[in-house]
Amino acid sequence: NAGVTQTPKFRILKIGQSMTLQCTQDMNHNYMYWYRQDPGMGLKLIYYSVGAGITDKGEVPNGYNVSRSTTEDFPLRLELAAPSQTSVYFCASTQTFSEQYFGPGTRLTVT
Amino acid sequence: TQLLEQSPQFLSIQEGENLTVYCNSSSVFSSLQWYRQEPGEGPVLLVTVVTGGEVKKLKRLTFQFGDARKDSSLHITAAQPGDTGLYLCATYGGTSYGKLTFGQGTILTVHP
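The listed protein sequences correspond, in order, to chains A and B. Counting from 2, one number per residue, gives the positions in the first sequence under this note's numbering. Counting from 17, one number per residue, gives the positions in the second sequence under this note's numbering.
Simulated from the structure, these hints should not be mistaken for lab results. Check before you lean on any hint, since a few could be wrong.
Example chain B residues on the side facing chain A (calculated, C-beta under 7 Å, incomplete) [as the list claims (entries may be wrong)]: (1) Tyr38; (2) Leu61; (3) Phe118; (4) Gln120; (5) Ile123; (6) Val126.
Note that the Cβ used here is the ideal one computed from N, Cα and C, for glycine as well.
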């Protein structure tokens, strides 16, 4: 099993550009999450999903959108990139209220 | 959303020293998880504590859950450079289904 995979690993965006961060898990987990982590800080929840077709906002959803058309994929969309969105983004999944499995992260810089 | 406070925020020690990291909340935890995150990687679960007063050991790491389930600690004995990383506590507590809330983390640096 590959676990949770994320692409790209690094990306530099100009202000106002758009991009999609990809996340795929092969563990057949129902629950998936997107977090952002600023330097030296914990993780803040952006969006989460409890199953295909069901998503909900986390703590910091502004400026982001998600979709969940399949169990495996949970892409995160940035529509109009802003410098405040410079961060490291982690995708995670779990099957129950237990261990969350994290991807390796996407490091995004908006200039 | 349940707020988690971790202390200290930074810890820089020499190899062989002992250390303790704390995680506190004003609310009762349903359960508490500890994760370690190494530079450039995602967090990895170390342990989950569920019962008040519970103590779990993982090699040189000892995890304790407070009797009232409002606090937890992580104690590392004889720290090694390989213990360097960000230690995060997290809980599923709160009213929102499926949401894990993290503390701000403790950055540990162990010098050889």
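Report task. Output the numbers, in ascending order, of every earlier hint that fails for this structure. Result -> Violated hints (numbers, rising): 1, 6; every other hint is consistent with the structure.
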